[in-house]
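Peer 1: The lines below spell out each chain.
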Amino acid sequence: MNLQAVKAIYLFEMARFFRTLMQSFISPVISTSLYFVVFGTAIGSRIESVEGVSYGAFIVPGLVMLSVMTQATANASFGIYFPKFIGTIYELLSAPVSFFEIVVGYVGAAATKALFIGCVILGTAWFFVDMQIAHPGAMVAFLLMTCFSFSLLGFIIGIWAQNFEQLQLIPLLVITPLVFLGGAFYGISMLPPVWQTISMFNPVVYLISGFRWAFFDTADVPIAISLMAITFFMAACLAVIWWIFKTGYRIKS
Amino acid sequence: MTAIVSVQQLEKTYEGGFEALKKVSLDIEEGEILALLGPNGAGKTTLISTICGMVSPTGGHVKVGGYDIIDEFRETRRLIGLVPQEINLEPFERVLNTVRFSRGLFGKPRNDARIEQILRQLSLWDKKDARIMELSGGMKRRVLIAKALSHDPRVLFLDEPTAGVDVELRKDMWEIVRGLKKDGVTIILTTHYIEEAEAIADRVGVISGGEILLVKEKDALMSQMGRKELSIELQTPIDAIPPALKTYDLSLAKEGRVVIYSYDTGAERTGITQLLGDLAQAGLVLKDVSTHQSSLEDIFVGLVEDAR
Numbered sequence: 001m002n003l004q005a006v007k008a009i010y011l012f013e014m015a016r017f018f019r020t021l022m023q024s025f026i027s028p029v030i031s032t033s034l035y036f037v038v039f040g041t042a043i044g045s046r047i048e049s050v051e052g053v054s055y056g057a058f059i060v061p062g063l064v065m066l067s068v069m070t071q072a073t074a075n076a077s078f079g080i081y082f083p084k085f086i087g088t089i090y091e092l093l094s095a096p097v098s099f100f101e102i103v104v105g106y107v108g109a110a111a112t113k114a115l116f117i118g119c120v121i122l123g124t125a126w127f128f129v130d131m132q133i134a135h136p137g138a139m140v141a142f143l144l145m146t147c148f149s150f151s152l153l154g155f156i157i158g159i160w161a162q163n164f165e166q167l168q169l170i171p172l173l174v175i176t177p178l179v180f181l182g183g184a185f186y187g188i189s190m191l192p193p194v195w196q197t198i199s200m201f202n203p204v205v206y207l208i209s210g211f212r213w214a215f216f217d218t219a220d221v222p223i224a225i226s227l228m229a230i231t232f233f234m235a236a237c238l239a240v241i242w243w244i245f246k247t248g249y250r251i252k253s
Numbered sequence: 254m255t256a257i258v259s260v261q262q263l264e265k266t267y268e269g270g271f272e273a274l275k276k277v278s279l280d281i282e283e284g285e286i287l288a289l290l291g292p293n294g295a296g297k298t299t300l301i302s303t304i305c306g307m308v309s310p311t312g313g314h315v316k317v318g319g320y321d322i323i324d325e326f327r328e329t330r331r332l333i334g335l336v337p338q339e340i341n342l343e344p345f346e347r348v349l350n351t352v353r354f355s356r357g358l359f360g361k362p363r364n365d366a367r368i369e370q371i372l373r374q375l376s377l378w379d380k381k382d383a384r385i386m387e388l389s390g391g392m393k394r395r396v397l398i399a400k401a402l403s404h405d406p407r408v409l410f411l412d413e414p415t416a417g418v419d420v421e422l423r424k425d426m427w428e429i430v431r432g433l434k435k436d437g438v439t440i441i442l443t444t445h446y447i448e449e450a451e452a453i454a455d456r457v458g459v460i461s462g463g464e465i466l467l468v469k470e471k472d473a474l475m476s477q478m479g480r481k482e483l484s485i486e487l488q489t490p491i492d493a494i495p496p497a498l499k500t501y502d503l504s505l506a507k508e509g510r511v512v513i514y515s516y517d518t519g520a521e522r523t524g525i526t527q528l529l530g531d532l533a534q535a536g537l538v539l540k541d542v543s544t545h546q547s548s549l550e551d552i553f554v555g556l557v558e559d560a561r
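Here the protein sequences line up with chains A and B, keeping their order.
Going by my numbering, the first sequence opens with residue 1, and the numbers climb by one from there.
Going by my numbering, the second sequence opens with residue 254, and the numbers climb by one from there.
Hints in this document: simulated from the structure, not taken from any laboratory.
The model shown is predicted, which means the values in this text are computed figures rather than measured ones.
A hint or two may mislead.
Claimed, not checked - Straight-line C-alpha distance at most 35 Å; calculated DSBU-like pairs for lysine-lysine:
1. 469(B) - 499(B)
2. 316(B) - 246(A)
3. 499(B) - 252(A)
4. 361(B) - 252(A)
5. 84(A) - 381(B)
6. 361(B) - 84(A)
Said to hold, decoys possible - Take a look, some chain A residues computed to stay more than 12 Å from chain B by CB distance:
7. 1
8. 54
9. 87
10. 93
11. 124
12. 130
13. 251
14. 253
Ideal Cβ placement from N, Cα and C applies to all residues, glycine included.
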């Protein structure tokens, strides 16, 4: 195991993040504050509570998940796409590093950034709403698994993308809608029965539900199923990445 | 001399069916400078990229320092530094950071003293905090070399290091390469500038159409294959070579005013003395005599054309 290389990749990626720290910090704070103003205060004041939780607090887990998922995907996909785009990938391919080490370095850095942003949002939320976290351990575990698995997904997108449009395509067309329709701002039980059934096909529902359970001890789906869902998603991403490196798909001729 | 890089029957056929390397075999000796000469699309970059790990071979084997490039890729890649043809650098990154990154990537612990030494050697120390995008083209190339040297490789591949570089900078680059050779680094460079191979290589390999046409000591190649031409200008033009001189390899040029005699500088007897005597005997009056030594370029063009 070339730990020096993992460290080098990780630190190099983190340096990019620190260069733009203010942007990385300010934009989630502003967007979260906006959500709280619009949904929490303006609309939320007309909604009494959802499953015994004030609406302002109810949307916090969904908001964190929304940002973590999009940030993890965006960071990881850009992280590996950029070297491909400017050609510096030659160095990775000619270095004594295994594909596993490359993934650990890039995905680790992307997951760290997403985690940082998740924590910033959580911190911001505390300014707007009072809330208790029912299962702190489970909350941290869910957050970490989400950061990690969506960074894996981002890595796959970054390898697959052949231009900047494709890089944006999946986050914009798939992830954002799935998160919005995955119960970030509502409980699945609030939907008509037909839509409840349809929602069960949305994998993000399980993740948000599990995360919300960690906060408020209430969930749309049993926590065990949520856990299975995220484990399955992570395993699927790992399998795809294993295949990518086995075949050198779009990185090696 | 022992071969530090040994290429055996290496083949690469790209997905579209293009055969970039056709059973290439080549031994590179430790401490030498080998110039791989070939026209565009000859397979130079594919050969280098395969040895370095960016391209998967479809047949054959390569050993570097006795290790197999696929089964023991960690060992072989630690021994190799690569300077790519394109200037592939992250524009926003600073010189020192990018070189440090390369060293870490190749598994070496951070060593700022060594990095400083490399940057100084390449006259980049003043620019260590500059962003890549602020550097001139020549400096960027030197940053690529610094990155390739950051982990102290024993073999350095330079893929067209002077493509699109002005004369001054090219000579600069040659000095750097000579300096590295002195440090004991084995250097393989690809080029299509014959002048470059002539100036710095110990051995020259000619590659064309995915095949190695020959690999020879540069000096031996020059003297063995170097033809010399003797141009004899005549007082009065002639229509044809006189029958008495048919035994010589002669041709007429400039409307019969010049007789050209080709001879081999490596041969024991050049036959010049006898030819001059026979010319006089045939009644030809000489006006002037000059010789021309064929360059590596002529040899190269001849070889590549023969191969077609």
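Peer 1: Could you run down the list of hints and mark each one as holding or not?
Peer 2: Status of the hints after comparison with the structure:
At roughly 34 Å between alpha-carbon atoms, residue 469(B) and residue 499(B) fall within 35 Å of each other, so this suggested pair holds. Taking the CA atoms of residue 316(B) and residue 246(A), the gap is about 22 Å. The hint holds against a cut of 35 Å. Of the supplied pair hints, the one linking residue 499(B) and residue 252(A) is violated, its CA atoms being roughly 60 Å apart against a limit of 35 Å. Proximity of residue 361(B) to residue 252(A) is assessed by CA-CA distance (about 25 Å); at most 35 Å being required, the pair is judged to hold.
Using a Cα cut-off of 35 Å, the hinted pair residue 84(A) and residue 381(B) holds, with the two alpha carbons roughly 25 Å apart. Restraint check: the Cα-Cα separation between residue 361(B) and residue 84(A) comes to about 24 Å, which is no more than 35 Å; the hinted pair holds. Look at residue 1(A): its CB is around 10 Å from the nearest CB on chain B, not clear of 12 Å, so calling it non-interface is violated. No Cβ of chain B approaches the Cβ of residue 54(A) within 12 Å, the least distance being about 44 Å, so the stated non-interface status holds.
For residue 87(A), the non-interface assignment is contradicted: its Cβ lies about 3 Å from the closest Cβ of chain B, within the 12 Å cut-off. The Cβ of residue 93(A) sits about 4 Å from the closest Cβ of chain B, inside the 12 Å cut-off, so the non-interface label is violated. For residue 124(A), the condition that its CB be more than 12 Å from all CB atoms of chain B holds, with the nearest at approximately 29 Å. With a closest Cβ-Cβ approach of about 42 Å to chain B, residue 130(A) is found to remain outside the 12 Å limit, as its non-interface label requires.
Not every beta carbon of chain B lies more than 12 Å from that of residue 251(A), the smallest distance being close to 9 Å; the non-interface claim is violated. The Cβ of residue 253(A) sits about 5 Å from the closest Cβ of chain B, inside the 12 Å cut-off, so the non-interface label is violated.
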